[in-house]
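Undergrad: As a plain string of letters, each chain reads:
Protein chains: 2
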Amino acid sequence: MRTHFCGLVDEALIGQTVTLCGWADVARDLGGLCFIDLRDHEGIVQIVAEPDAATAGNAEVIAAAAAVGYEDCLRITGVVRARHAVNDKIRTGKVEVVATKIELLNKAEPLPFHAHENPGEDIRLKYRYLDLRTPAMQRKMRTRTRLVSALRHYLDARGFQDIETPILTKATPEGARDFLVPARMHPGEFYALPQSPQLFKQILMMAGFDRYYQIARCFRDEALRADRQLEFTQLDMEFAWVAERDVQDLTEDMIRHVFREVMDVELAAQFPRMTYAEAMRRYGSDKPDLRIALEFVDVAELVKGCEFKVFTDAADDADGRVVALRIPGGASLSRKQIDEYAAHAAKYGAKGVAYVKLDEAGAINSPIAKFFSEDAFKALLEAIGLQNGDIAFFGAGKYKTVSDFMGALRLKAGKDFNLVADGWAPLWVTDFPMFEWDEEEGRYVALHHPFTAPAVDSIEDLRANAKTAVSRGYDMVLNGNEIGGGSIRIHNSAMQSAVFELLGIGAEEAAGKFGFLLDALKYGAPPHGGIAFGIDRIAALMAGSESIRDVIAFPKTTTAQCLMTDAPSPIPDAQLAEVHVQVRPKA
Amino acid sequence: MRTHFCGLVDEALIGQTVTLCGWADVARDLGGLCFIDLRDHEGIVQIVAEPDAATAGNAEVIAAAAAVGYEDCLRITGVVRARHAVNDKIRTGKVEVVATKIELLNKAEPLPFHAHENPGEDIRLKYRYLDLRTPAMQRKMRTRTRLVSALRHYLDARGFQDIETPILTKATPEGARDFLVPARMHPGEFYALPQSPQLFKQILMMAGFDRYYQIARCFRDEALRADRQLEFTQLDMEFAWVAERDVQDLTEDMIRHVFREVMDVELAAQFPRMTYAEAMRRYGSDKPDLRIALEFVDVAELVKGCEFKVFTDAADDADGRVVALRIPGGASLSRKQIDEYAAHAAKYGAKGVAYVKLDEAGAINSPIAKFFSEDAFKALLEAIGLQNGDIAFFGAGKYKTVSDFMGALRLKAGKDFNLVADGWAPLWVTDFPMFEWDEEEGRYVALHHPFTAPAVDSIEDLRANAKTAVSRGYDMVLNGNEIGGGSIRIHNSAMQSAVFELLGIGAEEAAGKFGFLLDALKYGAPPHGGIAFGIDRIAALMAGSESIRDVIAFPKTTTAQCLMTDAPSPIPDAQLAEVHVQVRPKA
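These protein sequence lines are chains A and B, in that order.
Mapped onto this note's numbering, the consecutive letters of the first sequence carry residue numbers 8 to 594.
Mapped onto this note's numbering, the consecutive letters of the second sequence carry residue numbers 8 to 594.
Please note that a few of the clues may not be correct.
Derived lysine-lysine pairs resembling DSS-like cross-links, with alpha carbons at most 27 Å apart [stated by the list, open to error]:
1) K593(A) <-> K593(B)
2) K407(B) <-> K316(B)
3) K108(A) <-> K108(B)
4) K133(B) <-> K147(B)
5) K108(B) <-> K529(A)
6) K405(B) <-> K385(B)
7) K343(B) <-> K529(A)
8) K529(A) <-> K405(B)
9) K343(B) <-> K354(B)
10) K108(B) <-> K133(B)
11) K422(A) <-> K316(A)
12) K114(A) <-> K529(B)
13) K593(B) <-> K529(B)
14) K133(A) <-> K343(B)
15) K419(A) <-> K343(A)
16) K114(B) <-> K529(A)
Partial list, computed: chain A residues near chain B (C-beta under 10 Å) [claimed, not checked]:
17) E49
18) F186
19) F207
20) G519
Sample of chain B residues lacking proximity to chain A, with all beta carbon distances greater than 10 Å (derived) [stated by the list, open to error]:
21) D47
22) L139
23) A190
24) P194
25) I210
26) L257
27) A307
28) G327
29) L418
30) P534
31) G551
32) T572
33) V586
It is worth saying that the hints were derived from the structure and are not from the lab.
For each residue, glycine too, the CB sits at the ideal point set by N, CA and C.
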């Protein structure tokens, strides 16, 4: 139907006749002379409908052009010529196409919104096809396509097999909530949608596939926090006969490769490596944003002698922490702004934050100075490295809580004071704790998942040191986002049973939920490990989007709806009867 | 953990020390001298544990080897040497590895079955990981991986964008039964799993993506006939601004490409093309297996004068058909075998089949000869081309029914008489009827789907000629399997509404189910079309498997169960309450 793409018409075509298909981005009728900006997925080219130079004819084409409206679907034939008013902003800006034929393929009704008008997200989602037609969204979606394609080509070239795992599978209530699917052929029974292909990919290693990957859809029926989706996509990978560095080295190289291919960016030749303990100590986060140069200073030893009970209690607590965060130039913060920082910290569990300001003249402003001797306070400020014009915030309390809220303050300060460097800051975080004590449930929960191998050799060792045991898990972090997470897995049936037991999953429950895994581990399971990368998040980062919704063609809202198709929706009772369920009466 | 793959150790490595990981395929202890066949995904290599030539030592290694059992997971270091008894069947057959270290990575318990014992499918599916470890299954699964990879590389190089569409979407009760997913955040409402991404891919064309593909999971809750799965995989494609041949020419070239890449097979440079009418007339099938040279002969005109009412009724019926199928060499069929043919035809709607045998001496044996004059019967046999030693079957009745059952006989005869040629016989079938009259429902149903464009220009034309209207649909057929099906779509809202109406879908119902499509068609939808290929079927054909279960890592049984994970399964009522459903009491 066409000879060229609109966005690729250039000077090399001058004098040639081309046929183009696309949408009318803008159409201007200057009375007997019309301009149309014709747009396809490659870009925009200017079409001119004007009287023929020789005959003064061409009335039919001019009339057709004059009738064109926004988003009409057109096929236009014409001759390419050089343009008087060059537009340097677009590739086609040096040419225009003088129309000899204009066909209206499909008339567009008046649009529900126009992209130029900065419409709200709801209307953009309802008319998603109009939103996706915009060059900005086309570019973002294409970034995702290129990312996925680059990943696949990298892995295909290295002997990884792309293997599909089931979407209709068994409910495994560990972790997030499952989506359930009633089974028509088995009254009263249900399939579940997979939260990840975790167990299937481990089974694939036991099945001899050696190197596996899948761009896999995963499902979690969780409260939709800020930027989550019911279904999301991960690059799921697993390797047989490997240790941590085998997985890390290959995937680090892979991520460098895709940034080079898609973004023309060269990431660090070696990603920094940091233990979980170090990340928490320096940045108060297990996914530190290393673009922000701010670091914590632990000051428990320096505050032990002061008279501020909040500090001394925390300093004397084996599980406590007293930490300072210096913000260069932060002395400009007003009392009100400091309160905002305190409020932000409170969201992450702070009961309060102390601070000290050193104004440009070196005068101290701090509600806690009075609790210190002059020398002790001076020593404290020296340890923090406070300069004239700076502020430092203090947090004191339980180690984890202090780290969390001071980590949140670090991010806020980084943003507020333009301390976020340009570029890309990847790193590996390793040596995570094996377990976390869940106060609410009164039991250990797995920090990664229950199939992660502990970094100990014996079951006895693990049982004796469960609280402090470190796992063989690892995360890849980029600009403060966990973009990948994985581990070496347990490949021994007895060790897997012991971990289930420590997590409060009894032998009977384990057999019911994970019996096939425990079985499979008995028939010569090889050592294996893997990782999964969040495709939506990486694509959003590459596209420069705050929200993953920009890189998902048909996303759902935070209330779990598709505004375009109107899903979910009520279903006739007769149809529910076929699958042996009914809607529950309201309690 | 290893330096080489087992299956790739060859003469180039003689004298070198290698470390291998794998499973013990076979282990033989000859008393102080042990052999282990060590297997990984690349193949098998022979390991020898023997006394050291110089020291007569090596007791530890020999003891470790002697303890090895089937499927133990091992790491073995040793020196490659030439082998005395060369095994030409395997790549590693000229070498063996003399072990200097044997590590037992994971002991295998006694196996539930052994691959050499030809186990039943149920036990293979329960212990799928053991089944998949066998070289035969590894080869089949790798064929699928290579197929998918070759398809992707072909399309990525041609500007197709791989775009994901939702799995949690809206129920659309046209066609097969939907899988339903209760929505936790919307009590009483449900998502449905997509039967295909059909509407989403059309929307993507309206959204300006121009060329789309996806290796997409699709879901149909149908009775599991012979070789169906609840979830299956299709290569889903859509093109904007195209006509039929654009889609067909590119995908034909693509299929040629993947057969070249994966199978080293060169398919026909131009696939034969055949209308639906011609395919039914010559082969009684819309997916004829062209490897079988047998063709129908229509004989209505030649039987009009006979006294066999079954023939004359059909011959006089405008919607009737009398057809003969000659089977060379078929005179050898016994009375009992002929009855089996009749029974086979009956499954496809035959009330009976007539036949005529011509024995090697030229004697006629036919229950219907008596209804004909000698001359008329001779003329009939001549028209059929019956030779000595042949049989011909006759079918008479309604056109469609006769075509169906005689088509089934053609396939059976092809198989029984070894008339299926080797190799690959692809073709395009085109010009399908737009509608089929459904006697049961008393309305038209779409032969492809309701979004297929009719091959007419106006709505009036379509309404006036609905019964005979031809669609712009097309199928790619390979060796008697429909491996791909597609069409040019309706891109005009009024035409789409008219087709819905002809299918008995009223304006209100259409707005409820397909409102977003009807809307989208109003805002400048471009002409578009596409196709979908059945990946499971193509992979099975390439792998030489009768069943698609051989090329799906974790398939379900014909009773819709996963025997490995034991899905589906009962769910606690409290969990059902969270999603606002309950199991329905038995009626």
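Undergrad: Evaluate each hint against the coordinates.
TA: Here's how the hints hold up against the structure:
The suggested pairing of K593(A) with K593(B) holds, with an alpha-carbon distance near 21 Å, which does not exceed 27 Å. As the CA atoms of K407(B) and K316(B) are separated by approximately 19 Å, the hinted pair is consistent with the 27 Å bound. Restraint check for K108(A) and K108(B): the C-alpha separation of about 79 Å exceeds 27 Å, so the hint is violated. Of the pairs offered as hints, the one joining K133(B) and K147(B) holds, with about 19 Å between alpha carbons and a cut-off of 27 Å not exceeded.
The hinted pair formed by K108(B) and K529(A) meets the criterion: a straight-line CA distance of about 23 Å does not exceed 27 Å. About 25 Å separates the Cα atoms of K405(B) and K385(B), which keeps this hinted pair within 27 Å; it holds. Between the alpha carbons of K343(B) and K529(A) the distance comes to roughly 53 Å, so the proposed pair goes past 27 Å and is violated. Between K529(A) and K405(B), the direct Cα distance comes to roughly 60 Å. Violation of the 27 Å bound is thereby established for this hinted pair.
Between K343(B) and K354(B), the direct Cα distance comes to roughly 17 Å. Compliance with the 27 Å bound is thereby established for this hinted pair. This hinted pair does not check out: K108(B) and K133(B) have alpha carbons roughly 34 Å apart, beyond 27 Å. Between K422(A) and K316(A) the alpha-carbon distance is near 32 Å, which puts this suggested pair outside the 27 Å criterion. Proposed proximity of K114(A) and K529(B) is supported: the alpha carbons are some 7 Å apart, at most 27 Å.
This hinted pair does not check out: K593(B) and K529(B) have alpha carbons roughly 47 Å apart, beyond 27 Å. For a cut-off of 27 Å, the pair hint linking K133(A) to K343(B) is broken: about 65 Å separates their Cα positions. Straight-line distance between C-alpha atoms of K419(A) and K343(A) comes to about 15 Å, which keeps the hinted pair within the 27 Å bound. Between K114(B) and K529(A) the CA atoms are separated by roughly 7 Å; this keeps the pair inside 27 Å, and the hint holds.
The beta carbon of E49(A) is positioned within 10 Å of a beta carbon in chain B (closest approach about 8 Å), and the interface hint is therefore held. Residue-level restraint check for F186(A) holds (minimum Cβ-Cβ distance to chain B is 5 Å; threshold 10 Å). A least Cβ separation of about 6 Å between F207(A) and chain B falls short of the 10 Å threshold, and the interface hint therefore holds. For the restraint placing G519(A) at the interface with chain B, the shortest Cβ-Cβ distance is roughly 9 Å, inside the 10 Å limit, so the hint holds.
Distance check for D47(B) against chain A: the nearest CB is about 7 Å away, which does not clear 10 Å, and the non-interface claim fails. With a cut of 10 Å on Cβ distances, L139(B) falls inside the contact zone with chain A, its closest approach being about 4 Å. The beta carbon of A190(B) sits about 4 Å from the closest Cβ of chain A, which is not more than 10 Å, so the claim that it is off the interface is violated. Under the 10 Å C-beta cut-off, the non-interface status given to P194(B) relative to chain A is violated; the minimum distance is some 7 Å.
Look at I210(B): its CB is around 5 Å from the nearest CB on chain A, not clear of 10 Å, so calling it non-interface is violated. Residue-level check passed: L257(B) sits 14 Å from the nearest beta carbon of chain A, beyond 10 Å. With a closest Cβ-Cβ approach of about 43 Å to chain A, A307(B) is found to remain outside the 10 Å limit, as its non-interface label requires. At roughly 38 Å, the least C-beta separation between G327(B) and chain A is larger than 10 Å, which holds for a residue marked as non-interface.
With a minimum CB-CB distance of about 29 Å to chain A, L418(B) clears the 10 Å threshold, and the non-interface call stands. Not every CB of chain A lies more than 10 Å from the CB of P534(B), the least distance being 6 Å, so the non-interface label is violated. With a least CB separation of 19 Å from chain A, G551(B) remains clear of the 10 Å interface cut-off, as annotated. Listed as a non-interface residue, T572(B) fails to keep its Cβ farther than 10 Å from every Cβ of chain A; the least gap is roughly 4 Å.
Not every Cβ of chain A is farther than 10 Å from the Cβ of V586(B); the closest lies at roughly 6 Å, contradicting the non-interface assignment.
This entry does not satisfy hints 3, 7, 8, 10, 11, 13, 14, 21, 22, 23, 24, 25, 30, 32, 33, going by the numbered hints stated previously.
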